[in-house]
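*Asks:* Sequence:
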Amino acid sequence: MNLQAALFDLDGTLFDTEGQYTIYWEKIGRQYHPEIADFAHIIKGTTLVNILDTYFNTPALQKEIVQSLNEHEAKMRYHFMPGAVDFLNDLRSHGVKMAVVTSSNKQKMARVEEQMPEFATLFDCILTAEHFAHSKPHPDCYLKGAATFGLKPQECVVFEDAYSGLAAGMAAGMFTFGITTCNPREAIEDKCSYVIDTFEDLSYQKVIEITKNYE
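If you count the sequence shown from 1, you need to add 46 to reach this note's numbering.
Worth flagging that the hints you see were computed from the coordinates, not collected in a lab. Note that the structure is predicted; figures quoted are calculated from it, not measured. Be aware that a few hints might be false.
Listed next, the in silico BS3-like pairs over lysine-lysine satisfying Cα-Cα at most 30 angstroms (straight line) [as the list claims (entries may be wrong)]:
(1) Lys-121 x Lys-73
(2) Lys-73 x Lys-237
(3) Lys-198 x Lys-121
All chains should be built: construct the whole structure from the sequences, respecting the hints.
*Replies:* What follows is the structure, encoded as structure tokens:
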């Protein structure tokens, strides 16, 4: 393939934050939807708007959840996954465009940049929930990522951890790497193009080798 761009999910892919979100959404699930087993896992990777519209359908309740989530995110700490920054720098050195494609909103990203001022400098663009008409697993977000660079889906690769994000990348017609940060290899190997355990052993050249037969 003619690799021109790499599109990255954020939480659970670039950032080691999924444990913090799981704790929060498990608590919310027990409080508001005890009838739904594994609530935190079900909503993973979807936008807040989608979660609110689907599970919290009154204005008062939605306001309550938004305030609660804002308070939780204000206390969160953001750390890159091992090897992620070196991999990003290697891609850039080979002229690959890079974008974050996240279900998080602009408010969350503002908090990220407060903690990590250098974050935005690593990417050519950051696409948040406000940029998409549909939440993952719809391919809209990744198609928008390709379009932002004026590229075809076949010229882009996706890096994702959640089922919904993997489905979005595959539906967009992109070579999709699944990272085993939140789900075991056997749970995602049939939901993506290729499984990786970490960014630490990944490089531009290895991505080219892995994807060389992709059309």
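*Asks:* Does each hint hold? Answer for all of them.
*Replies:* These are the hints, each one checked on the structure:
Only pairs whose Cα atoms come within 30 angstroms are accepted, and Lys-121 paired with Lys-73 is accepted, the gap being roughly 16 angstroms. About 28 angstroms separates the Cα atoms of Lys-73 and Lys-237, which keeps this hinted pair within 30 angstroms; it holds. Our distance criterion of 30 angstroms between C-alpha atoms is broken by Lys-198 and Lys-121, whose separation comes to about 39 angstroms.
When held up to the earlier numbered hints, the structure conflicts with hint 3 and nothing else.
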